[in-house]
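Listed below are the residues making up each chain.
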Amino acid sequence: MSRLGPLFDDLRRDKRCAVIPYLVAGDPSEALTVPLMHSLVHAGADVIEIGVPFSDPMSEGPTIQKGHERALAGGTSLRSTLALVKQFRATDSKTPLILMGYANPLERQGYAVVADACADAGIDGLITVDLPPEEVDAMNTELQRHHIDNIFLISPTTSDVRVATITAQASGFIYYVALKGVTGAGHLDTEAVERHLQTIRQHTDLPIAVGFGIKDADTAATVSRCADAVVVGSALVDLVAGDFARHQSDATAISSAHSLISNIRTGVNLATSN
Amino acid sequence: MTIEINPELYAQVPDAHGRFGPYGGKFVAETLMFALAELEDLYNELKDDPDFLREFDLDLAHYVGRPSPLYEASRWSDMIGGGRIYLKREDLNHTGAHKVNNTIGQALLAKHMGKPRVIAETGAGQHGVATATVAARLGLECHVFMGEEDVRRQALNVYRMKLLGAEVVPVTSGSRTLKDAMNEALRDWVTNVDNTFYIIGTVAGPHPYPMLVRDFQSVIGREARAQSLAMTGKLPDALVACVGGGSNAIGLFHPFLEDNGVAMYGVEAGGKGVETGEHAAPLSAGIPGILHGNRTYLMQDEDGQIMHTHSVSAGLDYPGVGPEHAWLKDIGRVNYVAATDTEALTAFHRVTRVEGIMPALETAHALAYAEKLAAKMTPDQHIIVNLSGRGDKDILTVAEIDGIDLGAL
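Here the protein sequences come in this chain order: F and D. Counting in this note's numbering, the first sequence runs from 14 upward without gaps. Counting in this note's numbering, the second sequence runs from 4 upward without gaps.
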């Protein structure tokens, strides 16, 4: 049973915005992934989004592409990602975990097998970038068997009609892609984001997370005034990889990540308590 | 092999979802869905529009130089001593390959949409050159994504594109070849989707690309069919074409699909041999999966990661293949086979020396298989091979492989 519904119910009641850090499983090493996840929770992460390494991550900008390449060089796959999730779950059964990835690694194993393995490992939701509503039925059927949420993307180019179609099939939350582009790109137009979120809310009561383009505590704070969750991806991946490469120390990389997410947590709390 | 197929079957693909049986579809990020819908709507409106078709046909006649000849390779056929081989001379098109048929068509669509900027991916550079060419003619800004490895081995085409005013963007991610160029083009499209038309060079990618590229390239098969009847009084016994993404093969095959007596052979890049694993032959040795917006046969490992491919020819060095080919393989209408690097190089030299026609290394794979096939046939039978492109761009590669120092000649 997904932990996302109860979490967002609590957050709504308390008028808080969730902070969702993103990391790529196995980047820069599998040994670092689980301690990093625990540290992010300690820093105030409400949900962790785990990128499943793929050879052709078409929606990622250069920063996260390199994360995928590092993880693949270390041999991380969907299977080993789920093994890492199980390790994390040994001491944290509460934090919702979602996988973000591409269709082919799922399709290769078969959606039924993947859904079983995700349920067994303790995954709460899946975001599959290249499975739009038109192509998702086969996977959704399997996820629903285990009450795992299927989280859809909505973008600035999604028409009103499509928003209705997507929200009708979505569960957990909606992931709003804040800009036209790849992860880590460009400048965020927060007024446009706010307008789009209002449109989406006319179609659904599901919580809306905003990602792509949230770089620091300031942008996170601004977006948190209209969103139910903010996703921080490239900024975190870049920081962890850079620190690890410079110091070759898991502890240093983890501590930098902790600081970034703590700052964002504080910024978001201040913005939403006003 | 003759198979009984209901002719109507071929008119039913792709279906409204862009599927060829289980293959094809629209597996892309949400941001691109509106652009695909916009393209599909426009194409459905224009594809039977007499004005649009007249414009396309006029460009093919006066700018590309169509119809391309069907040429009987007499001396080569005599040497083989079996079936007669006819070459469909797409190498004589403007820019030297079949690719321009499609870029003319898609550029017309871009013009109708009022998009000022076009992008393309390219492997061997032929599609990049064909895109840069139509962009120059229409005054469109043009960016071509090309794997760093291909930029090196196709330097002449890189310079051609630059001369034509295109910006060539070397791609340094992944395997630095065609598949990574396509990833990068898709990333650019997501970012600049408002003002940019993505001219995909093959019958792959998300719907409606496999359909519209097939339709634009089918001029090859329509001409070949009429030319065969005019020259020999009958349809060919077999068709042979190389298959990377598969646009020249679909272009030749499609107008013949309902002719049950016409056997068809798609020749993939066997690299160092399909049994070695170092090849680019997903239909011969791959497994269905999802890449670049469609479900098709892919070269992938057990974790679903796309594998590095190997081929002497940059244009065939791709781990996937158009979804219609995947379907034609499954229903048994087309036979998919492979030719190795060595076989292709042998055919490159043979046809150059015997017929005075220097084929592209991609095309040489088809010629290598055609020679084997002709040897098993009788002189009253004939084969049409799609001579999809000329080999000028490959001269440096061939010299390198043959150990020739051009400076010392």
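Treat the hints as calculated values from the structure; they're not laboratory data. Bear in mind the structure is a predicted one, so any value in this text is a computation, not a measurement. Hints are not guaranteed to be accurate.
[As the list claims (entries may be wrong)] Here are the simulated DSSO-like cross-link-like pairs (lysine-lysine), alpha carbons at most 30 angstroms apart as the crow flies:
| # | chain 1 | residue 1 | chain 2 | residue 2 |
| --- | --- | --- | --- | --- |
| 1 | F | K79 | F | K99 |
| 2 | D | K375 | D | K332 |
| 3 | D | K237 | D | K114 |
| 4 | F | K193 | D | K118 |
| 5 | D | K118 | D | K50 |
| 6 | D | K379 | F | K193 |
| 7 | F | K28 | F | K193 |
| 8 | F | K193 | F | K99 |
| 9 | D | K165 | D | K237 |
| 10 | F | K193 | D | K165 |
| 11 | D | K165 | F | K79 |
| 12 | F | K107 | F | K28 |
Each hint, compared with the structure:
Taking the CA atoms of K79 (chain F) and K99 (chain F), the gap is near 25 angstroms; set against the 30 angstroms cutoff, the hint holds. With a C-alpha separation of about 21 angstroms, the suggested pairing of K375 (chain D) with K332 (chain D) holds against the 30 angstroms cut-off. Simply put, K237 (chain D) and K114 (chain D) have alpha-carbon atoms about 40 angstroms apart, too far for the 30 angstroms limit, and the pair is violated. For the hint pairing K193 (chain F) with K118 (chain D), the CA-to-CA distance comes to about 17 angstroms; that is within 30 angstroms, so the pair holds.
Proximity of K118 (chain D) to K50 (chain D) is assessed by CA-CA distance (about 19 angstroms); at most 30 angstroms being required, the pair is judged to hold. Only pairs whose Cα atoms come within 30 angstroms are accepted, and K379 (chain D) paired with K193 (chain F) is rejected, the gap being roughly 56 angstroms. Taken as a hint, the K28 (chain F) and K193 (chain F) pair is honoured in the structure, with Cα atoms around 29 angstroms apart against an allowance of 30 angstroms. With a C-alpha separation of about 35 angstroms, the suggested pair K193 (chain F) and K99 (chain F) falls outside the 30 angstroms cut-off, and the hint is violated.
For the suggested pair K165 (chain D) and K237 (chain D), the alpha carbons sit about 45 angstroms apart, so the restraint of at most 30 angstroms is broken. With a C-alpha separation of about 28 angstroms, the suggested pairing of K193 (chain F) with K165 (chain D) holds against the 30 angstroms cut-off. Among the hinted pairs, K165 (chain D) with K79 (chain F) is consistent with the structure: their alpha-carbon atoms are about 29 angstroms apart, no more than 30 angstroms. For the given pair, K107 (chain F) sits about 20 angstroms from K28 (chain F) by alpha-carbon distance, which is consistent with the 30 angstroms threshold.
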